[in-house]
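Student: Sequences are here, hints too, so could you generate the full structure?
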Amino acid sequence: MMCYSDFPMPEEFPVYLHHSKILEYLHMYAEHFDLMKCIQFQTQVCSVRQSDDFASSGQWNVEIETHDKENANRKVLTFHAVMVCNGHYNEPYMPLNCFPGIEYFKGCYIHSRFYKTSENYHGKTVLVVGTGNSAGDISVELSHTAKQVFLSTRHGSWVVSRISRGGFPIDMTMSRRCTMWVKNLLPNILAAKISEKLMSGWFDHSNLGLEPKDRLKHPVVNDYLPSQILQGSIKVKPGITSFSETSVTFEDGTMAEVDEVIFATGYTSKYPFLDVDLIRLNDNDVSLYKYVFPIHLEKQTIAFLGLVQPLGPIMPTVELQARWGVRVFKGVVHLPPAREMENYVSKWKDKKNKWFGKGRTQVLQIHYIDYINAISKEIGVHPNMLYLFLTDPKLAWQVFFGPCTPYQMRLTGPGKWPGARNAILTQWDGTFQPTRTRIVKKQPQSWPKFKRMVMICAVVTVV
Numbered sequence: 000m001m002c003y004s005d006f007p008m009p010e011e012f013p014v015y016l017h018h019s020k021i022l023e024y025l026h027m028y029a030e031h032f033d034l035m036k037c038i039q040f041q042t043q044v045c046s047v048r049q050s051d052d053f054a055s056s057g058q059w060n061v062e063i064e065t066h067d068k069e070n071a072n073r074k075v076l077t078f079h080a081v082m083v084c085n086g087h088y089n090e091p092y093m094p095l096n097c098f099p100g101i102e103y104f105k106g107c108y109i110h111s112r113f114y115k116t117s118e119n120y121h122g123k124t125v126l127v128v129g130t131g132n133s134a135g136d137i138s139v140e141l142s143h144t145a146k147q148v149f150l151s152t153r154h155g156s157w158v159v160s161r162i163s164r165g166g167f168p169i170d171m172t173m174s175r176r177c178t179m180w181v182k183n184l185l186p187n188i189l190a191a192k193i194s195e196k197l198m199s200g201w202f203d204h205s206n207l208g209l210e211p212k213d214r215l216k217h218p219v220v221n222d223y224l225p226s227q228i229l230q231g232s233i234k235v236k237p238g239i240t241s242f243s244e245t246s247v248t249f250e251d252g253t254m255a256e257v258d259e260v261i262f263a264t265g266y267t268s269k270y271p272f273l274d275v276d277l278i279r280l281n282d283n284d285v286s287l288y289k290y291v292f293p294i295h296l297e298k299q300t301i302a303f304l305g306l307v308q309p310l311g312p313i314m315p316t317v318e319l320q321a322r323w324g325v326r327v328f329k330g331v332v333h334l335p336p337a338r339e340m341e342n343y344v345s346k347w348k349d350k351k352n353k354w355f356g357k358g359r360t361q362v363l364q365i366h367y368i369d370y371i372n373a374i375s376k377e378i379g380v381h382p383n384m385l386y387l388f389l390t391d392p393k394l395a396w397q398v399f400f401g402p403c404t405p406y407q408m409r410l411t412g413p414g415k416w417p418g419a420r421n422a423i424l425t426q427w428d429g430t431f432q433p434t435r436t437r438i439v440k441k442q443p444q445s446w447p448k449f450k451r452m453v454m455i456c457a458v459v460t461v462v
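Terminal number for the sequence shown in numbering that gives the first Met the number 0: 462, no gaps in between.
In short, the hints are calculated from the structure, not lab data. The structure displayed is predicted, hence computed values, not measured ones. Backbone N, C-alpha and C fix where the C-beta goes; we use that ideal spot for every residue, glycine too. Please note that the accuracy of each hint is not assured.
[Unchecked claim] If you anchor each label on the Cβ, the simulated ranges turn out as follows: (1) 33 to 251: 54 to 60 angstroms; (2) 329 to 22: 37 to 43 angstroms; (3) 21 to 352: 31 to 37 angstroms; (4) 37 to 97: 49 to 55 angstroms.
Tutor: What follows is the structure, encoded as structure tokens:
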């Protein structure tokens, strides 16, 4: 699901990748497309400013600092276009002013960004603040070495397993066009209720103190958190009211002695190398057209990539943003007038707030398929389902009812990839290739044939 659209993961790679495998894949991609020659390492971008003739040329002056073993050198280069690809995980967000008494706490406290290993926490009582993916992963890892782990959450979170029914990867069963089509047909309230029911299908979140206040806060993907809570090695607590020298008091009035605190409280998007007026950040919220383009520029020659948090894979999402950006830079695709883009941003925010809520952790959330549909239509690579069903029913079935893999964005239009069809039709085999290390011969089942017979009889009866 997370591969680039014209470069499938190697079949020997596991379904869920260790970060070292992701790095290996990126190196393979860069080497395959001969991209290493385009990358300048050991270089810091100090500033990105509009050129003096920006209104006519759309060019940017970029000041960079290159580093070698002995010294650093600065110079200014001019570019016709710029893509800002920092994403939104660049500045740790640790709101200490929200935790009275933290200045008196004698233990050590850090942001989750600086957590590396559980070895330093052996035999200690540790408080983890937050319930995102980082908080869940750190809490579980600490639960095997620490004396006790407390997990503090103000809003709660849905927790889902990586494995869905039948042993299939959860993202490949949830990210389907047919599912999103049904969701968009239903009223928001009903669709949200159904989604909540599916999210809570693994276990009763209220029993473990995890049920979220917001409808569809971005779920935590963690197979071990519920079991560690049941074992008592992790205790879920509400928000924090205050710290003392050695303890913490929670909103329910309970108190706990703690040795260390890890704030898994997210990140703040910052771009110190840009003019402050170019992109205005309001508690992580940005007013960009489809999360990519500033609205009020004379020339659309700068794009922001990765300022989204999709309910799905991030890499193919950002790849589509990049493909769109290039088309706009080349003048092949044109953006609508500023007023029209403003109206779109306003309507999109209203729709998003009704679905996800207005918290700072939800401002960048998007429905994966809805978003890639919008971007793929801008590029001209959106698959035409009616045409596919008429000309290639086998492929159409997989595109609509199967997982929405990135290869779908290479079936047609600019950048069409000849291998896209085969990649889609063989995607399940490729997914489970690395797990079939012991070949099991499946017994023939009569039940599917029986179901088909019943369906045929039902159709004949209706006719």
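Student: Looking at the structure, which of the earlier hints fail to hold?
Tutor: Per hint list: 2, 4 violated.
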